[in-house]
Amino acid sequence: MTSLEPMLSFTGIHKQFERRAILNAAALDLYAGQCHLLLGENGAGKSTLLRILAGLLKPDAADIHFHGYSKPTMSWQKSRPRLRDTVMYLHQSPYLFDGSVIKNLSYAKSATQGGSHNDEAVAEVLSWSGLDDLAESPAKKLSGGEKQRLALARAKLRNAPVLLLDEPTSNLDQQSRERTIALLASLRDEGVSMLIACHDLAGFSEIANGRYHLAEGRLVRSEA
Amino acid sequence: MQESLGNAVVEAIALLLSGDPALWEIIGISFTVSGTAILLAVMPAMVLGFALAFYQFPGRRLIIALSNTMLSVPAVVVGLTFYLLLSRQGPLGDMRLLFTQTAMVIGQIALAFPLLVAMSHSAFQAVDRRAWETAITIGQSSLGALFLIVREARFALLAAVLAGFGRIIAEVGASMMLGGNILHYTRNIPTAIALETSKGDFAQGIALGIVLLVLAFSLNILLHLFQGKGVLS
Ligand SMILES: Nc1ncnc2c1ncn2[C@@H]1O[C@H](COP(=O)(O)OP(=O)(O)OP(=O)(O)O)[C@@H](O)[C@H]1O
Ligand SMILES: [Mg+2]
Numbered sequence: 001m002t003s004l005e006p007m008l009s010f011t012g013i014h015k016q017f018e019r020r021a022i023l024n025a026a027a028l029d030l031y032a033g034q035c036h037l038l039l040g041e042n043g044a045g046k047s048t049l050l051r052i053l054a055g056l057l058k059p060d061a062a063d064i065h066f067h068g069y070s071k072p073t074m075s076w077q078k079s080r081p082r083l084r085d086t087v088m089y090l091h092q093s094p095y096l097f098d099g100s101v102i103k104n105l106s107y108a109k110s111a112t113q114g115g116s117h118n119d120e121a122v123a124e125v126l127s128w129s130g131l132d133d134l135a136e137s138p139a140k141k142l143s144g145g146e147k148q149r150l151a152l153a154r155a156k157l158r159n160a161p162v163l164l165l166d167e168p169t170s171n172l173d174q175q176s177r178e179r180t181i182a183l184l185a186s187l188r189d190e191g192v193s194m195l196i197a198c199h200d201l202a203g204f205s206e207i208a209n210g211r212y213h214l215a216e217g218r219l220v221r222s223e224a
Numbered sequence: 001m002q003e004s005l006g007n008a009v010v011e012a013i014a015l016l017l018s019g020d021p022a023l024w025e026i027i028g029i030s031f032t033v034s035g036t037a038i039l040l041a042v043m044p045a046m047v048l049g050f051a052l053a054f055y056q057f058p059g060r061r062l063i064i065a066l067s068n069t070m071l072s073v074p075a076v077v078v079g080l081t082f083y084l085l086l087s088r089q090g091p092l093g094d095m096r097l098l099f100t101q102t103a104m105v106i107g108q109i110a111l112a113f114p115l116l117v118a119m120s121h122s123a124f125q126a127v128d129r130r131a132w133e134t135a136i137t138i139g140q141s142s143l144g145a146l147f148l149i150v151r152e153a154r155f156a157l158l159a160a161v162l163a164g165f166g167r168i169i170a171e172v173g174a175s176m177m178l179g180g181n182i183l184h185y186t187r188n189i190p191t192a193i194a195l196e197t198s199k200g201d202f203a204q205g206i207a208l209g210i211v212l213l214v215l216a217f218s219l220n221i222l223l224h225l226f227q228g229k230g231v232l233s
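Chain order of the listed sequences is A and B.
Read in my numbering, the first sequence has 123 at position 123, and its numbers run on one by one without any break.
Read in my numbering, the second sequence has 79 at position 79, and its numbers run on one by one without any break.
Among the hints, erroneous ones may be present.
Said to hold, decoys possible - The calculated lysine to aspartate or glutamate pairs, modelled on EDC-like cross-linking and capped at a C-alpha distance of 16 Å, are:
| no. | chain 1 | residue 1 | chain 2 | residue 2 |
| --- | --- | --- | --- | --- |
| 1 | A | K58 | B | D128 |
| 2 | A | K103 | A | D85 |
| 3 | A | K109 | B | E133 |
| 4 | A | K58 | A | E18 |
| 5 | A | K78 | A | D60 |
| 6 | A | K103 | A | D133 |
| 7 | A | K103 | A | E120 |
| 8 | A | K140 | B | D201 |
| 9 | A | K103 | A | E136 |
Simulated from the structure, these hints should not be mistaken for laboratory data.
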């Protein structure tokens with residue numbers, strides 16, 4: 001299930017905001033079917049890092065290596081389209097579009113099936129995330145826990161090999177928290193590579209294979 | 001006077017209801033000219049509004065300041081500016097556009113454009129930054145993401161179009177200077193009101209005034225509905 005060879009490696013990630021270095025030669029590897037935690041204080045740069053990894057925020061510099069892919073290491077700029085097809089970023093509080101739960105799911109494009117997905121796939125993620133009864137509800141009116149589950153359903157439909165989660169349980173109560181972690185565990189077991197930004201280990205240590213600690217712009221890795 | 005005013009109002013309503021061709025022709029010219037101006041202005045204005053909201057580029061602050069300033073320039077000054085440009089001796093005089101519907105459309109575009117830019121800028125600004133990132137990360141192309149952003153802002157954008165249309169359909173200054181109030185051609189609702197009233201024919205002026213009032217009322221109700229929706233969602 002776990003391979004020794006990473007599927008995706010990042011090196012030399014640099015990012016400054018107003019001449020303040022947030023990331024300074026940070027490097028990390030992501031493995032299929034493995035979950036790593038990204039720990040760091042408020043303002044350490046966790047969200048910034050995740051946005052860069054997902055191809056959403058331009059770093060000052062970064063090299064990316066897709067293992068098992070013929071091209072050698074590429075710059076962030078060059079690999080951005082491929083990054084966006086490989087890595088999915090989930091915001092700390094999910095953004096849902098105007099419209100029903102189903103409508104929101106319909107906007108997610110499968111990364112593996114040429115963008116399309118059928119009704120069965122939608123029905124499957126609905127029951128997987130426990131949202132069957134809310135399929136027609138307006139997404140913007142869902143509770144915090146339901147929103148998070150819809151974001152995960154959307155991610156499952158997207159079927160990206162790598163998921164980056166930004167404090168996915170920070171606004172949830174104990175029950176929703178456990179439910180979310182169970183969904184994450186099932187995704188990991190399907191072979192999805194995950195990186196979860198969080199302040200504390202609360203509940204995540206049982207699904208994590210290792211940790212990255214972000215401090216002073218650098219990442220230090222430790223195994224669980 | 002009281003009695004003749006009362007008569008004029010009755011006559012005005014009769015004119016409207018009887019489908020008086022001269023009256024409805026004027027109304028048609030107003031809607032054609034202002035409708036064309038809005039149609040031509042809306043796309044570029046919204047693209048600019050989108051760029052102002054989502055991108056940093058040189059000249060951005062200048063454009064914002066300029067469009068905000070243009071908002072409060074009176075229609076007659078816009079009319080005068082284009083009059084000078086389009087008149088025989090003006091730099092664009094050879095195009096022979098003065099006193100045509102095209103000149104009116106140009107003037108009305110100049111009036112509507114800054115309002116459309118300012119309102120679509122704030123409409124797009126109100127869309128959460130996460131919306132763009134979410135659209136991209138769930139696999140939408142840039143165009144698909146743009147479509148989703150426009151969809152999120154649709155009520156505020158519609159409100160911008162209605163406000164822009166409301167501004168130009170009722171303005172008299174630019175239409176008078178650039179169109180010249182030529183019967184069957186460039187005489188629209190506001191210039192007809194100004195002319196007919198000065199000639200002492202109150203009924204037609206009142207009839208056209210009623211049309212503008214009803215229009216303003218409907219536009220405001222629609223605006224109110226759309227803005228309410230925008231806040232709610
Ligand atoms: N667009 C931006 N412009 C300027 N500074 C920014 C920008 N985005 C983030 N920063 C700064 O970069 C630093 C890192 O922010 P980031 O959101 O990545 O931290 P974080 O580790 O996710 O924090 P938290 O745990 O509070 O979510 C912060 O000091 C923040 O103020
Ligand atoms: Mg953060």
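Here is how each hint holds up against the structure:
{"no.": "1", "hint": "A:K58 to B:D128", "result": "violated (19 Å)"}
{"no.": "2", "hint": "A:K103 to A:D85", "result": "violated (21 Å)"}
{"no.": "3", "hint": "A:K109 to B:E133", "result": "holds (14 Å)"}
{"no.": "4", "hint": "A:K58 to A:E18", "result": "holds (14 Å)"}
{"no.": "5", "hint": "A:K78 to A:D60", "result": "holds (13 Å)"}
{"no.": "6", "hint": "A:K103 to A:D133", "result": "holds (14 Å)"}
{"no.": "7", "hint": "A:K103 to A:E120", "result": "holds (15 Å)"}
{"no.": "8", "hint": "A:K140 to B:D201", "result": "violated (56 Å)"}
{"no.": "9", "hint": "A:K103 to A:E136", "result": "holds (8 Å)"}
In summary, the numbered hints that this structure violates are 1, 2 and 8.
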